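Novice: Okay, here's what each chain looks like letter by letter:
2 protein chains.
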Amino acid sequence: MEIFVLRLGHRPARDKRISTHVALTSRAFGAKGIFFSTKDVDLEESVRDVAGRFGEGFEIRTGVKWKPFLRDFQGTKVHLTMYGVHVDDAIPRIRSEAKGRMLVVVGAEKVPAEVYQLADFNVAVGNQPHSEVAALAVFLDRLTQGEGLRSEFEGRLKVLPCERGKRVVDRGNAG
Amino acid sequence: MEIFVLRLGHRPARDKRISTHVALTSRAFGAKGIFFSTKDVDLEESVRDVAGRFGEGFEIRTGVKWKPFLRDFQGTKVHLTMYGVHVDDAIPRIRSEAKGRMLVVVGAEKVPAEVYQLADFNVAVGNQPHSEVAALAVFLDRLTQGEGLRSEFEGRLKVLPCERGKRVVDRGNAG
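Same order as they appear, the protein sequences are chains C and P.
In terms of the working numbering, the first sequence opens at residue 15 and continues consecutively.
In terms of the working numbering, the second sequence opens at residue 15 and continues consecutively.
Hints listed in this document are in silico derivations from the structure and should not be mistaken for laboratory results.
These numbers were taken from a predicted model, which means no experiment stands behind them.
The reader is advised that the hints may include incorrect statements.
No distinction is drawn between identical chains; accordingly, a pair holds when it is met within one copy or between any pair of copies.
[Stated by the list, open to error] Straight-line Cα separation of at most 20 angstroms, SDA-like style, residue types lysine to any residue; simulated pairs:
hint: 1; residue 1: Lys46; residue 2: Pro106
hint: 2; residue 1: Lys30; residue 2: Glu123
hint: 3; residue 1: Lys46; residue 2: Ser165
hint: 4; residue 1: Lys180; residue 2: Tyr130
hint: 5; residue 1: Lys172; residue 2: Pro26
hint: 6; residue 1: Lys79; residue 2: Pro175
hint: 7; residue 1: Lys172; residue 2: Gln131
hint: 8; residue 1: Lys172; residue 2: Gln159
hint: 9; residue 1: Lys172; residue 2: His100
hint: 10; residue 1: Lys180; residue 2: Ala27
hint: 11; residue 1: Lys30; residue 2: Ala122
hint: 12; residue 1: Lys124; residue 2: Lys172
hint: 13; residue 1: Lys124; residue 2: Arg31
hint: 14; residue 1: Lys79; residue 2: Pro26
hint: 15; residue 1: Lys124; residue 2: Pro106
hint: 16; residue 1: Lys53; residue 2: Lys81
hint: 17; residue 1: Lys81; residue 2: Gly23
hint: 18; residue 1: Lys180; residue 2: Glu123
Sequences and hints are given; from them, build the entire structure.
Specialist: As structure tokens, then:
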């Protein structure tokens, strides 16, 4: 399964940090790329900077016309919203129906009504208000049954798990 | 298990939205309360406002002296950090050792070295950089095996899961 994320309603001044978290979460949980409906070159740069150090292979594009993009996407379209079907109930159905590609849509505060219609599934990671970052992470984690988070990245920097403190290998200094 | 969250390094101007997401994620995934090392009355108000509408029973306190708080906390202390032991490996150990209460510590960018020492477990929700909101959500979701997200809240507003659109019951208008 190839997973992409579409982030709607990003406002550069207000949402920079949340949107950066959305992008890095997508990458860390195994998505192949993220698309933003608003143009934001700084955001692209922050995310590419992380990928440049920790491992490439993640696409980011901003200023995408969301409506045709969502409508024409070839694959399963999942919209994460607290108003949707509880993830416990939705995941088994999605897993049995989803084909090769998936687009996961996450909004900011207000999401146009059409998104609910264009999505194949409207999924709630719980029906309480919390965070699109949290919703995306848990959805991807459950959908991939933990595999997404085990994705391998080949970057200059590699963190080695440890019980106390920090162990980081810098391959740029190794050769 | 009673779970609490300690958020370090919150800077009111820069982190308001991320910290609000951390707090609401804690609540939605079944934690009993959150503590911030920085005083921020606006943040307290935003979180209480959500709890006031969607269901009480979640404590928030800001301006907590983190070091004595963390040192003296009675229960299992888990620090979420990309440098820690992978969550896949950590959760079984935590589950077998954790007793009645747990404190989950999430930092902002820089975390004092003492935190790694004071924690019983340093846990990485993947060893890639992403988001403390995502890390907290996935950790709580996995630790509670989905139970946290099934927590019941008795509030004025209740979202009813649905396939398209929004269904919200406002009990304030019902009686």
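Novice: Take the hints in turn and mark each one as holding or not.
Specialist: Tested hints:
1. In this assembly of identical chains, the alpha carbons of Lys46 and Pro106 never lie at most 20 angstroms apart, being 22 angstroms within a copy and 29 angstroms across copies at closest.
2. Taking CA atoms no more than 20 angstroms apart as the test, Lys30 paired with Glu123 passes in both settings, with 14 angstroms inside one copy and 15 angstroms between copies.
3. In this assembly of identical chains, Lys46 and Ser165 lie within 20 angstroms of each other by CA distance solely inside one copy; the values are 11 angstroms within and 32 angstroms between copies.
4. In this assembly of identical chains, Lys180 and Tyr130 lie within 20 angstroms of each other by CA distance solely across copies; the values are 9 angstroms between and 43 angstroms within a copy.
5. Taking CA atoms no more than 20 angstroms apart as the test, Lys172 paired with Pro26 passes in neither setting, with 30 angstroms inside one copy and 31 angstroms between copies.
6. Taking identical chains as interchangeable, the C-alpha atoms of Lys79 and Pro175 are never at most 20 angstroms apart, the minima being 40 angstroms within one chain and 29 angstroms between chains.
7. In this assembly of identical chains, the alpha carbons of Lys172 and Gln131 never lie at most 20 angstroms apart, being 42 angstroms within a copy and 22 angstroms across copies at closest.
8. In this assembly of identical chains, the alpha carbons of Lys172 and Gln159 never lie at most 20 angstroms apart, being 23 angstroms within a copy and 29 angstroms across copies at closest.
9. Taking the closest pair of Cα atoms, Lys172 and His100 come within 20 angstroms of each other only across two copies (14 angstroms); inside a single copy the shortest separation is 36 angstroms, beyond that limit.
10. For the identical chains of this complex, Lys180 and Ala27 are neighbours neither inside a copy (33 angstroms) nor across copies (29 angstroms), given an alpha-carbon limit of 20 angstroms.
11. In the homo-oligomer, the alpha carbons of Lys30 and Ala122 lie at most 20 angstroms apart both inside one protomer (12 angstroms) and across protomers (15 angstroms), since each shortest distance falls under that limit.
12. When the C-alpha separation of Lys124 and Lys172 is checked against a cutoff of 20 angstroms, the pair qualifies only between copies, where the shortest distance is 18 angstroms, while the shortest distance within a copy is 38 angstroms.
13. In this homomeric assembly, Lys124 and Arg31 come within 20 angstroms of each other (Cα to Cα) both inside a single copy, at 18 angstroms, and across copies, at 16 angstroms.
14. Taking identical chains as interchangeable, the C-alpha atoms of Lys79 and Pro26 lie at most 20 angstroms apart only when both belong to the same chain, with a minimum of 16 angstroms there against 34 angstroms between chains.
15. Taking identical chains as interchangeable, the C-alpha atoms of Lys124 and Pro106 are never at most 20 angstroms apart, the minima being 28 angstroms within one chain and 39 angstroms between chains.
16. When the C-alpha separation of Lys53 and Lys81 is checked against a cutoff of 20 angstroms, the pair qualifies only within one copy, where the shortest distance is 15 angstroms, while the shortest distance between copies is 42 angstroms.
17. Taking CA atoms no more than 20 angstroms apart as the test, Lys81 paired with Gly23 passes inside one copy only; the shortest distance there is 12 angstroms, against 39 angstroms between copies.
18. For the identical chains of this complex, Lys180 and Glu123 are inter-copy neighbours only, at 14 angstroms across copies versus 36 angstroms inside a copy, given an alpha-carbon limit of 20 angstroms.
Of the numbered hints listed earlier, those contradicted by the structure are 1, 5, 6, 7, 8, 10 and 15.
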